[in-house]
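Enquirer: Numbering (the numbering used here), first residue to last: 34 to 727.
In short, the hints are calculated from the structure, not lab data. All values derive from a computational prediction rather than experimental measurement. Think of the CB as a built atom: it goes at the ideal place given N, C-alpha and C, for glycine as much as any other residue. There may be inaccurate statements among the hints.
Said to hold, decoys possible - Across the chosen pairs, the derived CB separations fall in these ranges:
1. GLU320 with GLY393: 24 to 32 Å
2. TYR445 with LYS133: 22 to 30 Å
3. VAL275 with ASP328: 41 to 49 Å
4. ASP224 with ALA339: 21 to 29 Å
5. LYS273 with VAL363: 21 to 29 Å
6. SER155 with GLY460: 39 to 47 Å
7. ASP236 with LEU129: 53 to 61 Å
8. HIS427 with ASP57: 43 to 51 Å
9. SER123 with SER155: 13 to 21 Å
10. ARG542 with THR188: 38 to 46 Å
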Amino acid sequence: MKQDFSSEEKIYQFWEKENLFAADVNSKKKKYSLLIPPPNLTGELHLGHAMQHSILDAVARFKRLQGFDVLLLPGVDHAGIQFESTFEKSLHKQNLSKYKLGREEWLKEAWEFKEEIYKKVSITWRFMGLSADWNREVFTLDPKCQKAVFEEFKTYYDAGLIYKGPYIVQWCPKDQTAIEDVEVEYQEKEDKLYYIKYPLAKDNDKHIVIATVRPETMFADVAVTVNPEDPRYKDLIGEKVVVPFADREVPIIADESVDIKFGSGAVKCDPAHDLDDYRRGKEHKLEIMSAIGKDGKLTDLAGEFAGLKTHEAREKIFDALSKKALIEKVEDIVHNVSVCERCKTPTELLISDEWFVKVGNMAKEATKLIAEDKVKFLPPNYKKILPDWLANIHDWCISRSLWWGHRIPVWYRDNEKVVSLESPGEGWVQDEQVLDTWFSSGLWPMSTLGWPEKTVEFERYFPWDFEISAPEIKYLWIARMIMISNYFTRKEPFQTMFFHGMLRDLEGRKFSKSLGNGIEPQYLIDKWGVDATRMSLYTYSVPGRDGRVSKNIFDERGKNFRNFGTKIRNISRFILELKPEDAATELSFVHEDDKDIEDKLNKTIATVTGHLEKLELHLAVDVLYEFVWHEFADVYIEKTKTRRGETQLVLEHLLRLSLILLHPFMPFLTEEIYQKFDERERSIMLEQWPVLKV
RNA sequence: GGGCUCGUAGCUCAGUUGGUUAGAGCGUUACAUUGACAUUGUAAAGGUCGAAGAUUCGAGUUCUUCCGAGCCCACCA
34 MKQDFSSEEK IYQFWEKENL FAADVNSKKK KYSLLIPPPN LTGELHLGHA MQHSILDAVA
94 RFKRLQGFDV LLLPGVDHAG IQFESTFEKS LHKQNLSKYK LGREEWLKEA WEFKEEIYKK
154 VSITWRFMGL SADWNREVFT LDPKCQKAVF EEFKTYYDAG LIYKGPYIVQ WCPKDQTAIE
214 DVEVEYQEKE DKLYYIKYPL AKDNDKHIVI ATVRPETMFA DVAVTVNPED PRYKDLIGEK
274 VVVPFADREV PIIADESVDI KFGSGAVKCD PAHDLDDYRR GKEHKLEIMS AIGKDGKLTD
334 LAGEFAGLKT HEAREKIFDA LSKKALIEKV EDIVHNVSVC ERCKTPTELL ISDEWFVKVG
394 NMAKEATKLI AEDKVKFLPP NYKKILPDWL ANIHDWCISR SLWWGHRIPV WYRDNEKVVS
454 LESPGEGWVQ DEQVLDTWFS SGLWPMSTLG WPEKTVEFER YFPWDFEISA PEIKYLWIAR
514 MIMISNYFTR KEPFQTMFFH GMLRDLEGRK FSKSLGNGIE PQYLIDKWGV DATRMSLYTY
574 SVPGRDGRVS KNIFDERGKN FRNFGTKIRN ISRFILELKP EDAATELSFV HEDDKDIEDK
634 LNKTIATVTG HLEKLELHLA VDVLYEFVWH EFADVYIEKT KTRRGETQLV LEHLLRLSLI
694 LLHPFMPFLT EEIYQKFDER ERSIMLEQWP VLKV
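Starting from the given sequences, assemble the full structure and let the hints guide the process.
Expert: Set out below in structure tokens:
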């Protein structure tokens, strides 16, 4: 039966059937490898993904045409916290929960849920025409990733880089887990700054006034801190004060970090709930007490206020303090409140038993690698941004109190402890926590190729030639991949790192579900087709440049590139379907106009190739658009109408090469038209990128 | 507080290493056309390239300062 090229879907099936996306480890060709950032299992595909996929695919197709053995490797991230909260919501609807099911049953259900969502979204992951090697698709919880993650953990552990203990961490009361600083964001919020009188121990009539926005943490106060240079309090240093309600005497200590000008110049100190206080507490060897529990409610320490949520407690405590005349005044204040990046719940700093990796040295080494230009960053200023972060890095909290993820491979029995992927035997109990999602994502460039096994894939395709990312995960993901790859292989994970910009709305705001300002890629595809949507996105693909867009703007561009497609289709109809009787049988550029257009074609080939080599897709698209529409179609074709026959082969030549040049960007249309040539390869994907003879 | 980026036509954006009259798409105006064209073609209008200095034979492009917008980082109670 004749192959049908009438729709994008059919063309895509044809490519898959012909196995044109597969990399070949045994190929004699040079390799070019591109790693697709694994979308979150639960994540919907948005314009950012569409952009990434379009860019990746253009580069991959270009390299294939140039004769490389291309690996474009897809995968999916299990996305611990995000998946777990989505799954919990679904369980909630069935009146079930984590705690009702228990870990084993819950995990069984979770895997079924995973399959369900995966089926739903996996089709759309191909939607931009992505020519990925689907047979090699990897999921971060696959056995081979489990092995890699275990190797990573064990290696750090044996090297003494991993430790566990009670430390202050950012805690999300909603997700019920510790999170990393990089997973916390700040929101500006109006609050009250309370000035509270703490009576002096030796003389209850005298007091020191502390300023705080969080009176509810006062039950954990272990000191009051002042600046040693502050004349108001100099003489009080070393004295004791009584914490209201807690009836506890705590010392007044000195620390230079206290801002004399802020508030009253005196700060309450509770090491369990504030990073500064944590450090001060350590320096002054103070006790650590917890006033707020992991459920976000006040602990028993709070006496009559125990069990209240923080904001409820705040009001009640204020009332109680007022009654005792211990409030001096209240001011309005605007400050930053830390919230969980995913669920936007205000986070709590608190003490929790967590696992950490000492990353200081790894970070230093990574900085060196970046300084040696082992990774080419686009835009280049990331060469500076990433080391800045790496230089100030602190230990990485890798444990999460979740069930969905790589369970920490540590087993306990009595006083023994063993690091092992499988149970060491009877009577051993595994650590309850799982590893941070980024612990496995950071290993992605390696685990996808079968590391730590010395696979042929790993030998051939690592380091990756090309990686792309949104700027927002530059620390969470990109910096860590560099750090981890360098630690294990002494090599960079990828040679080119492409940061695309963020697409925003016309006010410059991010697209988000809550704002409802998103533009569905599917909407554009349905309306203008995949190729036109891709072309629209390439115009915004300048590395590191954000773009302000709206539905209207994308409709304009979509329409414009749809018309461009129509133009090309009509060129082909003119050339291939309305072939003249007296068509020439030999290709020759004799006429002035022929020479002129050949010259222009060659210039186009040269500049487009140059732009693609430099990953300037937006410029390549621009040049091609101009050439095909305004030189080839508007000028040359018009001129040849008076001598149609002798130009037939020139026209065919121009069309064929235009299709090849456009194929990385408009894969479907170019394949569809290419198939109309009598002489052709099985697919345009098997064509050769034109090389100019010098 | 530190760092990064941007400010070019009404709108959204290009503009490699400084080099002729500063570009595209959409929008606007005029004319043409049903032709290979679910339209298209030919033109036109529209910019002191945020401001001021500096370097240079020459600056949208380099440097300095300022103004404006945004992003990232940081322990501001």
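Enquirer: Run every hint past the structure and note whether it holds.
Expert: Hints, verified against the model:
Checked against the hint of 24 to 32 Å, the pair GLU320 and GLY393 passes, with Cβ atoms roughly 28 Å apart. A hinted range of 22 to 30 Å for the beta carbons of TYR445 and LYS133 is consistent with their spacing of about 26 Å. Checked against the given bound of 41 to 49 Å, the beta carbons of VAL275 and ASP328, roughly 29 Å apart, lie outside it. Distance hint for ASP224 and ALA339: a CB-CB separation of about 23 Å, consistent with the stated range 21 to 29 Å.
Remark: the range hint 21 to 29 Å for LYS273 to VAL363 is upheld by a beta-carbon distance near 26 Å. Under the hint 39 to 47 Å, the C-beta atoms of SER155 and GLY460, about 41 Å apart, fit the expected range. The given range of 53 to 61 Å is respected by ASP236 and LEU129, whose C-beta atoms sit roughly 59 Å from each other. For HIS427 paired with ASP57, a C-beta distance near 44 Å keeps the hint of 43 to 51 Å intact.
Distance hint check for SER123 and SER155: the Cβ-Cβ separation is about 18 Å, which falls inside the suggested range of 13 to 21 Å. Evaluation of the 38 to 46 Å hint for ARG542 and THR188 yields a pass: the beta carbon distance comes to about 43 Å.
Taken one by one, the earlier hints fail for this structure only at number 3.
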